[in-house]
Amino acid sequence: AQTVTQSQPEMSVQEAETVTLSCTYDTSESDYYLFWYKQPPSRQMILVIRQEAYKQQNATENRFSVNFQKAAKSFSLKISDSQLGDAAMYFCAYRSLKAAGNKLTFGGGTRVLVKP
Amino acid sequence: EPEVTQTPSHQVTQMGQEVILRCVPISNHLYFYWYRQILGQKVEFLVSFYNNEISEKSEIFDDQFSVERPDGSNFTLKIRSTKLEDSAMYFCASREVYLGGNTIYFGEGSWLTVV
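From first to last, the protein sequence lines are chains A and H.
In terms of this note's numbering, the first sequence opens at residue 1 and continues consecutively.
In terms of this note's numbering, the second sequence opens at residue 1 and continues consecutively.
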């Protein structure tokens with residue numbers, strides 16, 4: 001079974017600065033998807049960014065970018081020019097392409113605090 | 001932008017009572033999911049549903065849980081006899097069926113409190 005590990009329970013960043021959240025995963029598969037979801041205090045799960053494992057190029061969405069290291073099974077999220085609205089829990093998630101339901105497996109989350 | 005909608009947003013129920021949580025997935029999506037998140041913990045997979053049957057379920061999804069697509073738009077999660085430990089946020093999610101349907105979209109959640 002796949003596992004996803006986020007080793008940083010909490011990260012603090014100054015407004016306008018950059019913060020990087022780490023995520024590692026364990027899988028024997030070669031094709032899969034990786035995601036970062038944001039969960040603000042409202043507790044809604046909001047997709048931040050996704051990465052297809054077959055793509056070598058790292059995904060980017062505005063101020064959010066990832067560093068995908070397939071061999072190392074690492075998938076970190078970088079938030080640039082941090083804003084107060086970025087304060088939230090961030091979950092890394094893995095999705096297999098082989099399992100029948102293609103469910104998401106989540107990491108334990110990293111809380112991001114943004115200091116003004 | 002299309003979204004997954006869930007009702008109720010918050011429900012308080014007595015232990016032992018039956019609860020039904022409702023979801024309207026995105027209209028062209030055919031894969032549906034329920035996840036739950038106990039306060040302060042990670043999001044956990046409960047069940048996936050496709051073509052009117054369960055595709056996969058977790059160990060959490062025991063006999064007290066059931067899912068149903070009663071009509072063409074709703075997807076429900078029923079908890080037959082609620083326990084205190086069922087208190088959690090329950091998320092419905094959906095995605096497209098085609099091979100590139102790689103993103104699972106979540107609703108805003110239904111917060112269940114069992115007292």
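Please keep in mind that the hints were generated in silico from the structure rather than gathered at the bench.
Do not rely on the hints blindly, as some may be mistaken.
[Claimed, not checked] Each computed DSS-like pair below joins lysine-lysine, with the alpha-carbon atoms no more than 27 Å apart:
#  : chain 1 : residue 1 : chain 2 : residue 2
1  : A       : K73       : H       : K78
2  : H       : K42       : A       : K70
3  : A       : K98       : H       : K83
4  : A       : K78       : A       : K55
5  : H       : K78       : H       : K42
6  : A       : K115      : A       : K55
7  : A       : K78       : H       : K78
8  : H       : K42       : H       : K57
9  : A       : K115      : H       : K57
10 : A       : K70       : A       : K98
11 : A       : K73       : H       : K57
12 : H       : K42       : H       : K83
13 : A       : K98       : A       : K73
14 : H       : K42       : A       : K98
15 : H       : K78       : H       : K57
16 : A       : K98       : A       : K115
17 : A       : K73       : A       : K55
18 : A       : K115      : A       : K78
19 : H       : K83       : H       : K57
Quick rundown of the hints versus the structure:
Proximity of K73 (chain A) to K78 (chain H) is assessed by CA-CA distance (about 37 Å); at most 27 Å being required, the pair is judged violated. Between the alpha carbons of K42 (chain H) and K70 (chain A) the distance comes to roughly 24 Å, so the proposed pair stays at or under 27 Å and holds. Among the hinted pairs, K98 (chain A) with K83 (chain H) is inconsistent with the structure: their alpha-carbon atoms are about 34 Å apart, more than 27 Å. Of the supplied pair hints, the one linking K78 (chain A) and K55 (chain A) holds, its CA atoms being roughly 18 Å apart against a limit of 27 Å.
For the hint linking K78 (chain H) to K42 (chain H), the alpha-carbon distance of about 21 Å falls within 27 Å, and the restraint holds. Distance restraint check for K115 (chain A) and K55 (chain A): the Cα-Cα separation of roughly 34 Å exceeds the 27 Å cut-off, and the hinted pair is therefore not satisfied. Restraint check: the Cα-Cα separation between K78 (chain A) and K78 (chain H) comes to about 39 Å, which exceeds 27 Å; the hinted pair is violated. Restraint check: the Cα-Cα separation between K42 (chain H) and K57 (chain H) comes to about 17 Å, which is no more than 27 Å; the hinted pair holds.
For the hint linking K115 (chain A) to K57 (chain H), the alpha-carbon distance of about 41 Å lies beyond 27 Å, and the restraint is violated. Distance hint between K70 (chain A) and K98 (chain A) is fulfilled; the C-alpha atoms sit about 18 Å from each other, no more than 27 Å. Under the criterion of a C-alpha separation no larger than 27 Å, the hint pairing K73 (chain A) with K57 (chain H) is consistent with the structure, at around 26 Å. Distance check on the hinted pair: K42 (chain H) and K83 (chain H) sit about 19 Å apart at the alpha-carbon level, within 27 Å; holds.
A threshold of 27 Å between alpha carbons decides the hint, and for K98 (chain A) with K73 (chain A) the separation of about 18 Å falls inside it, so the pair holds. A distance of roughly 23 Å separates the Cα atoms of K42 (chain H) and K98 (chain A); the hinted pair therefore holds under the 27 Å criterion. Among the hinted pairs, K78 (chain H) with K57 (chain H) is consistent with the structure: their alpha-carbon atoms are about 14 Å apart, no more than 27 Å. Proposed proximity of K98 (chain A) and K115 (chain A) is contradicted: the alpha carbons are some 42 Å apart, above 27 Å.
The hinted pair formed by K73 (chain A) and K55 (chain A) meets the criterion: a straight-line CA distance of about 14 Å does not exceed 27 Å. Our distance criterion of 27 Å between C-alpha atoms is met by K115 (chain A) and K78 (chain A), whose separation comes to about 17 Å. With a CA separation close to 19 Å, the supplied pair K83 (chain H) and K57 (chain H) stays within the 27 Å bound.
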